[in-house]
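**Q** Start from the sequences, fold in the hints, and give me the full structure.
Residue numbers (full-length UniProt numbering), protein chains in the order written: chain F, 1 to 157; chain V, 1 to 157; chain P, 1 to 157.
Source of the hints: derived by calculation from the structure; they are not laboratory data. It is possible that part of the hints are untrue.
Here are the simulated lysine-lysine pairs, BS3-like style, with alpha carbons at most 25 Å apart [claimed, not checked]: (1) F/K9 - V/K100; (2) F/K9 - P/K9; (3) P/K100 - V/K9; (4) P/K44 - V/K72.
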Amino acid sequence: MTDLNLHLKINDFYTRYAESICDGDIETWPEFFTEKCLYRIIPKTNYDRKLRIGPMFAESKGALKDRVVAIKETLVYSARSITHLVSGVRIVSVQGDLLKTRSMLAIYQTLVDGTTHIQLVGRTFDSIDLGDGTPKFSERIVVFDSELLAGALVFPA
Amino acid sequence: MTDLNLHLKINDFYTRYAESICDGDIETWPEFFTEKCLYRIIPKTNYDRKLRIGPMFAESKGALKDRVVAIKETLVYSARSITHLVSGVRIVSVQGDLLKTRSMLAIYQTLVDGTTHIQLVGRTFDSIDLGDGTPKFSERIVVFDSELLAGALVFPA
Amino acid sequence: MTDLNLHLKINDFYTRYAESICDGDIETWPEFFTEKCLYRIIPKTNYDRKLRIGPMFAESKGALKDRVVAIKETLVYSARSITHLVSGVRIVSVQGDLLKTRSMLAIYQTLVDGTTHIQLVGRTFDSIDLGDGTPKFSERIVVFDSELLAGALVFPA
Chain F
1 MTDLNLHLKI
11 NDFYTRYAES
21 ICDGDIETWP
31 EFFTEKCLYR
41 IIPKTNYDRK
51 LRIGPMFAES
61 KGALKDRVVA
71 IKETLVYSAR
81 SITHLVSGVR
91 IVSVQGDLLK
101 TRSMLAIYQT
111 LVDGTTHIQL
121 VGRTFDSIDL
131 GDGTPKFSER
141 IVVFDSELLA
151 GALVFPA
Chain V
1 MTDLNLHLKI
11 NDFYTRYAES
21 ICDGDIETWP
31 EFFTEKCLYR
41 IIPKTNYDRK
51 LRIGPMFAES
61 KGALKDRVVA
71 IKETLVYSAR
81 SITHLVSGVR
91 IVSVQGDLLK
101 TRSMLAIYQT
111 LVDGTTHIQL
121 VGRTFDSIDL
131 GDGTPKFSER
141 IVVFDSELLA
151 GALVFPA
Chain P
1 MTDLNLHLKI
11 NDFYTRYAES
21 ICDGDIETWP
31 EFFTEKCLYR
41 IIPKTNYDRK
51 LRIGPMFAES
61 KGALKDRVVA
71 IKETLVYSAR
81 SITHLVSGVR
91 IVSVQGDLLK
101 TRSMLAIYQT
111 LVDGTTHIQL
121 VGRTFDSIDL
131 GDGTPKFSER
141 IVVFDSELLA
151 GALVFPA
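**A** Dropping the structure here:
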């Protein structure tokens with residue numbers, strides 16, 4: 001695959017990932033990950049100190065599916081709309097089928113009857129596995145800039 | 001045209017569309033549409049229920065030109081600057097010269113002497129006609145996340 | 001170089017530029033410029049009237065390096081995180097090794113213990129020199145929408 005085709009494929013992957021969350025198709029979200037994977041949302045202050053605590057953490061696609069069940073059936077939260085803006089998607093390195101990639105992300109949240117506010121902004125540091133033909137995240141680390149999030153983080157980033 | 005060239009052309013089209021609004025060249029804005037077209041800005045709550053009411057609606061380039069005349073000559077509003085951030089431009093399907101496309105959009109508005117605030121964020125669901133050589137929107141549906149907009153929507157999205 | 005390769009190269013350049021600021025690698029920031037260069041951040045109201053006053057101005061890479069020293073050693077400011085979202089990167093014209101380019105930019109700033117807010121949004125009007133193999137800004141004009149910035153502008157845009 002040429003650099004250009006790979007670049008287009010990875011950008012498309014990030015775009016469809018954002019759509020799965022913003023369109024409310026949260027059931028499709030775990031399918032963007034490999035079976036064994038690392039998913040983590042952590043504040044920059046912890047990331048910079050190599051600490052690992054953050055508001056979301058999972059080590060398998062099964063755990064991500066649990067999260068989806070929680071969102072759809074267990075968690076109590078007010079209805080909200082989410083829009084992701086993603087920029088700066090970049091392929092940092094390629095080793096066979098494994099890519100290191102990164103991006104910049106802003107997530108806007110709107111509660112029913114409410115105005116739109118910034119939920120989080122930050123950078124993502126990701127690994128993508130091209131092994132089975134379609135890209136999948138084997139790792140996705142979302143590093144957000146604030147120490148506290150304004151309100152609960154219901155949906156993934 | 002290869003996928004890559006088409007992708008570049010469509011991204012370039014979305015970029016120049018945003019520039020026409022953010023540069024204040026609002027006269028050029030209707031030229032991004034075909035003669036017969038559908039332009040609609042609607043809240044997500046209505047879009048999800050297949051209701052059609054929203055703050056802007058037009059069915060022809062002529063109606064868009066009317067809007068431009070209103071902006072330049074009739075409407076009374078305080079001066080403001082607009083910046084569009086667009087991401088996630090994606091070609092969903094291609095049928096001959098007709099493309100279904102979509103994007104994520106954040107519009108920032110700044111009143112004179114004021115600070116910058118988010119006017120709207122959301123997704124656009126569009127149809128683009130390549131028939132006359134340059135892309136034109138035959139349909140542009142802007143679905144924004146909030147039920148209410150903070151302040152009047154003077155400029156198009 | 002084909003249009004596609006050039007487009008990819010320029011997008012990559014804008015992305016790495018944003019990373020150098022958001023990753024805190026501010027020492028690397030001047031290396032994105034040619035030795036003789038023009039760097040300017042100005043409010044839209046001045047830009048539109050062809051006035052030149054704004055919160056940052058430099059005419060050489062040396063002056064940018066001075067800014068870095070100020071940020072790292074002299075200026076007193078509270079710690080903050082920065083995220084840049086960049087969209088609409090477009091090559092406006094090509095003349096030999098010199099490109100005119102532009103982009104849309106939103107900068108989010110987060111103070112320690114604080115929430116994320118918009119620091120500035122606007123457009124950049126740039127010149128890029130490809131003469132020595134890697135792109136460098138020979139000119140970067142950041143035109144922001146507000147007349148006042150909320151808080152000090154410590155880091156470059």
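**Q** Each of the hints needs a verdict: does it hold here or not?
**A** Each hint, compared with the structure:
no.: 1; hint: F/K9 - V/K100; result: 18 Å, holds
no.: 2; hint: F/K9 - P/K9; result: 16 Å, holds
no.: 3; hint: P/K100 - V/K9; result: 18 Å, holds
no.: 4; hint: P/K44 - V/K72; result: 19 Å, holds
Consistency with the previously given hints is maintained throughout, with no hint failing.
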